[in-house]
Amino acid sequence: MANPLLEVKDLNVAYGDVRALWDISLEVEEGSIVALVGANGAGKTTLLKTVAGLLRPLKGHVVFEGEDLARLNTKQRVDKGIVMVPEGRRLFQTLTVLENLRLGAYLPKARAGYDESLERVFALFPVLKERMHGKAGLMSGGEQQMLAIGRAVMAQPRLVMIDEASLGLSPILTRHIFELIVALNGQGATVLLVEQNIHMALKICSKAYVMKTGHIVLSGTGEELLADVDVRKAYVGERGSRL
Amino acid sequence: MSSLIQVVINGILLGSMYGIAAVGLSLIFGTMRIIFIAQGTMIVLFAYLVYWSFEKAGIDPYLSLLWVVPLALILGLGLFYTLFRKAAALEDRNVSLLLAVGLMYLIDNLILKLWSATPRGLNITYSDAMIVVSGIRVSWLRLALLGLGLGSALAVYLFLKRTRVGTAVRAASEDMEATTIQGINSVWVCAVSFAIGIALAGVAGVGMATVYSFDYQFGFIFAIKALVALALGGIGNVFGALAGGLLLGVIENLAAYYVGIEWIEVASYGIFMLVLIFLPQGLFGRRALVKKV
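If you read the sequences in order, they're chains H and V.
For the record, in the first sequence the residue sitting at position 62 is 62 according to the numbering used here, with numbers rising by one throughout.
For the record, in the second sequence the residue sitting at position 206 is 1206 according to the numbering used here, with numbers rising by one throughout.
If you're looking for bench data, these hints aren't it; they were derived computationally from the structure.
A couple of the hints might just be wrong.
With a straight-line cut-off of 27 Å between C-alpha atoms, the simulated DSS-like cross-links for lysine-lysine are [said to hold, decoys possible]:
1) H/9 to H/135
2) H/135 to V/1086
3) V/1161 to H/75
4) V/1086 to H/59
With the hints as extra help, turn the sequences into a complete structure.
Laid out in structure tokens, this is it:
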């Protein structure tokens, strides 16, 4: 059997003295959509940041295509195709849409395919082409989320890690963004999705992990978890309750 | 009337120097989030080097730009990687600020040791050359200061707008971590913007050598003047910073001419306070486009 694209093994991460992740292990198969769900503070973002190389683990491994990434910094990981769409979008607001996209394709490998990538982004998100020369900060929330994903696509990613894509978006826009994520996946990008909109996330993913206070407490296919009584009680429909 | 015009023109020309320094401060502030208080001292250091090469080798100060700017860029990179690299990564900006203060006093005292406390100035053969237009007299050397200011601001503007690294500098000024997430080496981006800030100190040093009399203590005062200019112009806008410098020059000259030379500092710092209270984004600064998410 082929190795998974991304493999996280026994990952432990702390902020100073505060432990954030305990013994996290997960696998993301090439070409799949994997969802990471759980309440605020469960450690989902911490996990993505560690995979991106923004945080160093206390112990454990992040393995990409069979290679341990321990010695690689964020730049080298982006060059390998591990790209993150951060929570809150984190666009460069005073820069134009096009400048934001250009920065997404900053490294030589991505720059070589700049024209193709740009066409691909504009095909996925036609509104970005119309707004090309406008300031990123002046766009609506949905358009900004599209730009944030588009900026990641410019890096020609193998694995896109999307942190809370639906945050602050209306249900209609959320649905639209999810359709676009599925379309992106259809074009060959593997997706690791962190989501608060658990119902939607479980619907589009092939596999999901449920996190709680730094641990993975459940995993299974999207369908299994959607059917799971505990998950339904905790997250789907009944807001505010905790698993 | 013509004396008013004369005063304003002199103010603009001398203010160019504040403007260049303010552009440098703005660039360094953008990525390092500190007021680089040693900027004035760096300018004085370069003024001494220009003075020295003029005295010892007879090199024309404006010709000196050819070696001062590359030297300043290299020195800037060197200073960043030896002094500021680790401090720049810390959340606490005070470490970087204290390093800059230390650097300022270190260089001040190095200058004192090397060139003594005697104020220096250049005697250039063409220093008296004037152009006279309908009774208004402008020395070529002072006019050249405005050229240095406009040239520097334009160069920095084009760097920020037209180059990849320049775009990354603007991005890093907004959000350092998001810049890193794009796979951009943000340490290098900080180093480059710092080095260009020091290169601007080199350009200002050439200007200072040609028209000022300077000594080892002049740097700190000059840095504060650049800070005032930056506050007037508004952070994050290259031409705003230059304009802030020109405006400060005009304010100082008007105060000196109409109220008395001893009122120069009172006027400039008074206006500094007023601007900070009533227009904290500066006269030409942009308001943030949207509240940060």
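Going through the hints against the structure:
no.: 1; hint: H/9 to H/135; verdict: 41 Å, violated
no.: 2; hint: H/135 to V/1086; verdict: 33 Å, violated
no.: 3; hint: V/1161 to H/75; verdict: 23 Å, holds
no.: 4; hint: V/1086 to H/59; verdict: 24 Å, holds
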